[in-house]
Amino acid sequence: NAGVTQTPKFRVLKTGQSMTLLCAQDMNHEYMYWYRQDPGMGLRLIHYSVGEGTTAKGEVPDGYNVSRLKKQNFLLGLESAAPSQTSVYFCASSRRDIRNTQYFGPGTRLTVL
Amino acid sequence: TQLLEQSPQFLSIQEGENLTVYCNSSSVFSSLQWYRQEPGEGPVLLVTVVTGGEVKKLKRLTFQFGDARKDSSLHITAAQPGDTGLYLCAVMEYGNKLVFGAGTILRVKS
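Going line by line, the protein sequences match chains H and L.
Sequential numbering of the first sequence, starting at 3, is according to my numbering.
Sequential numbering of the second sequence, starting at 33, is according to my numbering.
Hints are computed from structural coordinates only; laboratory data are not their basis.
Mixed in with the good hints there might be a few duds.
What the hints assert, rightly or not - Quick list of the computed label-pair ranges, beta carbon to beta carbon:
| id | chain 1 | residue 1 | chain 2 | residue 2 | range |
| --- | --- | --- | --- | --- | --- |
| 1 | L | H107 | H | L71 | 42 to 52 Å |
| 2 | H | Q74 | L | S63 | 21 to 31 Å |
| 3 | L | T109 | H | T113 | 32 to 42 Å |
| 4 | H | P63 | L | E37 | 42 to 52 Å |
Unchecked claim - A few chain L positions that, by computed beta-carbon distances, are all more than 12 Å from chain H:
| id | residue |
| --- | --- |
| 5 | L90 |
| 6 | R92 |
| 7 | D99 |
| 8 | K102 |
| 9 | S105 |
| 10 | R139 |
| 11 | S142 |
Don't be surprised by glycine CBs; every beta carbon is placed ideally from N, CA and C.
With these hints in hand, go ahead and build the complete structure from the sequences.
In structure tokens:
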């Protein structure tokens, strides 16, 4: 039982490049989330999904897109990376009936030069 | 301004000392959570408090929810190096969004 996994663990991009971060969970959770973590700012919600085929904006959605084609996967895309998107990205999942108990992946450290 | 203010931002203590960290807000919450995050890992839920004045204990960790449900504290007794990490408080906003404080970085030296 792996819980929540994220790939890749590290990535360096040049400004303007694109990439996709993959999140997978094996707990059959309905809800999935993408956060970014920056020093002194805690975790901030980028986008979330309440079910397959459904996504919604969080607190800091600009510059990111997401897709949830399968219940177990949640993808975060950066179409044209900017240095301001240098951060650590965390994926999380939860049950629909216990949304405040979220299980986090190990994170992806992204640097945009 | 952040919804949740955590203090102190950083705490460095010797093994065996006691400490308290705080999570404060001007808003009232139905529940509040504490997470611990170790370097290179994602946050892990420690506890959820739901009742004003509630006290929960997890081994050497004591969590308290304020009577007015606007604040919370985490007290660690006889801290150990394994307690080192980032401690985050969080509340659910608008039913779907978990909002985090900026966290307290704790370093316990042996």
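Status of the hints after comparison with the structure:
{"no.": "1", "hint": "H107(L) to L71(H): 42 to 52 Å", "in the structure": "45 Å, holds"}
{"no.": "2", "hint": "Q74(H) to S63(L): 21 to 31 Å", "in the structure": "27 Å, holds"}
{"no.": "3", "hint": "T109(L) to T113(H): 32 to 42 Å", "in the structure": "39 Å, holds"}
{"no.": "4", "hint": "P63(H) to E37(L): 42 to 52 Å", "in the structure": "24 Å, violated"}
{"no.": "5", "hint": "L90", "in the structure": "15 Å, holds"}
{"no.": "6", "hint": "R92", "in the structure": "22 Å, holds"}
{"no.": "7", "hint": "D99", "in the structure": "21 Å, holds"}
{"no.": "8", "hint": "K102", "in the structure": "17 Å, holds"}
{"no.": "9", "hint": "S105", "in the structure": "18 Å, holds"}
{"no.": "10", "hint": "R139", "in the structure": "15 Å, holds"}
{"no.": "11", "hint": "S142", "in the structure": "26 Å, holds"}
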